Amino acid sequence: MSKPSETAVRSGPAHRTVEIGVALFTAIFALVVIAGSLKAGKDWAFDGPRAGFFPFYIGVSILIASVVNLIRAVIDVPKEKLFADWTQLRRVVSVLVPLAIYVAAISWVGIYLASAGLIAIFMKWLGRYGWLKVAAYSIAIPIIVFIVFEKYFLVPLPKGAIERWLGF
Amino acid sequence: MPRGASTQAIKTKTMQEIANLFGGFATVLEPYNIMLMFIGVLLGVLIGVLPGLGGANGVAILLPLTFSMSPTSAIIMLTCIYWGALFGGAITSILFNIPGEPWSVATTFDGYPMARKGQAAEALTAAFSSSFIGALFAVIVITLVAPLVAAFALRFGPAEKFSVYFLAFCSFIGLSKEPPFKTIAAMMIGFALASVGLDQMTGQLRLTFGFTSLLPGIDFLIAVIGLFGIGEILLTMEEGLRFKGDSARLSLRVVLRTWAEMPKYWFMILRSAIIGCWMGITPAGATPASFMSYGIAKRMSKRGSKFGTGEIEGVIAPEVANNAAGTSALLPMLSLGVPGSPTAAVLLGGLLIWGLQPGPLLFVEQKEFVWSLIASMYLGNIASLIVVMTCVPLFAAILRVPFSIIAPIILVACAIGAFSVHNSTFDIMLILVFGVVGYLLKKCDYPLAPLVLAIVLGNNAEESFRQSLLASQGSPAIFWSNGLVGTIMALGLIALFWPLISNGWSRLRSRPAF
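Here the protein sequences come in this chain order: D and P.
Okay, so the first sequence: first residue is 1 according to my numbering, each after it adds one.
Okay, so the second sequence: first residue is 1001 according to my numbering, each after it adds one.
If we strip away everything but chain D, and leave its shape as in the complex, we get:
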């Protein structure tokens, strides 16, 4: 039981910091878009506007909007407001980490084995189920996926060594 986190005052990153971070991120994105557009050519050629013409102005508008959002984040967002408390963020990370491993694993071992692993991790780690139930779900669902997608809808999905060994 995690009693301390329930009794303690909610703490976590400030909403303002995250807002500022997002505004800076969109500003950087804008600069990348502007740089890319300049490379493609932002002005007119003999046959009309060049490829970078439209994205250049898009980039400029993102930059302007980001600056306004940045200023508003600094002025308007109260300092005490929390983005989320640490318990909440821990829950978000507990999804993100397995998900990142899952995504990396797909191109390596194929989607079926990776999915079985993802379901098992979720059920064991977050749901605290018994091994029998975990095994049942994490084996049954990839098989259902295989039947529905590969057999019925004829959608080929990424496969790894095990599927090759089984002859698919």
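Bear in mind the hints are in silico, worked out from the structure with no lab data behind them.
Here the structure is a predicted model, which means the values were calculated and not measured.
Be aware that one or more of the hints could be misleading.
Capping the alpha-carbon separation at 30 Å, the derived lysine-lysine pairs in DSS-like fashion look like this [to be verified]: (1) LYS1442(P) <-> LYS79(D); (2) LYS1442(P) <-> LYS81(D); (3) LYS1117(P) <-> LYS1302(P); (4) LYS1442(P) <-> LYS1177(P); (5) LYS1117(P) <-> LYS1298(P); (6) LYS79(D) <-> LYS1367(P); (7) LYS1443(P) <-> LYS1013(P); (8) LYS1011(P) <-> LYS1306(P); (9) LYS42(D) <-> LYS79(D); (10) LYS1117(P) <-> LYS1013(P); (11) LYS81(D) <-> LYS1443(P); (12) LYS81(D) <-> LYS1367(P); (13) LYS1013(P) <-> LYS1177(P); (14) LYS124(D) <-> LYS1443(P); (15) LYS1302(P) <-> LYS1177(P); (16) LYS1011(P) <-> LYS1117(P); (17) LYS79(D) <-> LYS1011(P).
Given the coordinates of chain D, assemble chain P onto it according to the supplied hints.
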């Protein structure tokens, strides 16, 4: 043309449209299509019931599955998923106080208190019947208005086309409840993402920075699955959802009693349907429509002060409006090629993949397809009503499956959906990135709908913009060159500055009172 001949022409045209509609009904009523309809509705209600799996995302994941079907069958199944999701959102709102979809938030205000008072069955019946009435109203509007709009829009040149896009995007900025500069930032990011890859007009590469994975561009389906799918799961996880709620079974007696009570509220229903249609056609969407309808009903009703404690009117008003809005969002998509909601945008993307160009020409070149789609809207909503009325216990039971089992299954579905768009594992990595971005943007009040709409429409908007400028040798005066384009652009500017205008107007009006 003499007057008699022209009324005669209109008459034959209307007759032709009715014949087309019946042809559409015949197509939809084929057993295969009826089966797809019910599968679609079942999947849709499931999507509507499960938090973390929304309409736009659900349709996006299932879109690649329909590539092997005929466009007509595919659109029937996909729109039925959408109807199902529109209906299903109410189930969780009423039984669990958890809106399955953002547009059913307003339904929780009175729906959940009703369930607490032991009137869950009444609330559900009212919600489903209202959803049906709202949707039906919108479908009738589509049947009558869409062909007229399309016929009118046939005369549009590039400048007029661009002005319609301009109006759509300006209404987003002016009418959404999010801060305008955040809406602009989100929307423009969408446009920027749309322009990655090959430039359609010059054939030149741009914004790829040498990454070969970026050559085909960023598909909007990937963005939708990441932003709405993964992002939503992260948000749900943060809230740490625990489902606690009432179970319900609809008995015929309760259904009939509730139906007998509903005609009393005919005026409110009509008003909510009109609000819904209006908000759906202008791309404000179903969510604000449901709130606005609830707010107005609260102000106008005799029992307004009791709203929030479990009034049936408080369930009817938002449900009529959100389904009317969700359905009528397809009107501008079909007739102008401008979708009124993210899900409509995904459907539009689907049409493009099947080689159908949505817009006025669709009504001329693909008559059979358009009228089958419209016919399927009528039948799909009837199917939805049947499914939700009979399957409430089933869906309530699904909700009791813990999130730690449902979440990984949704994530696997997202990965499969993302992969099957282009058979690329790079896209699966992209949905993770979009997921984190979506989570952060959503938490910071950036709207995601305009971002998605901009990715879908970016290339078309850019093309019409550049074509117009080509025609005018670079002078922006072309957007004011005739009455039509000038009017639409002016409407766009009014929508853009609407908050300022309405603010100034109310100040002017309140001045003499002092």
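Next item on the list: Against the structure, test the hints numbered earlier, and report the numbers of the ones violated in rising order.
Entry: 6, 7, 8, 9, 10, 12, 13, 16, 17
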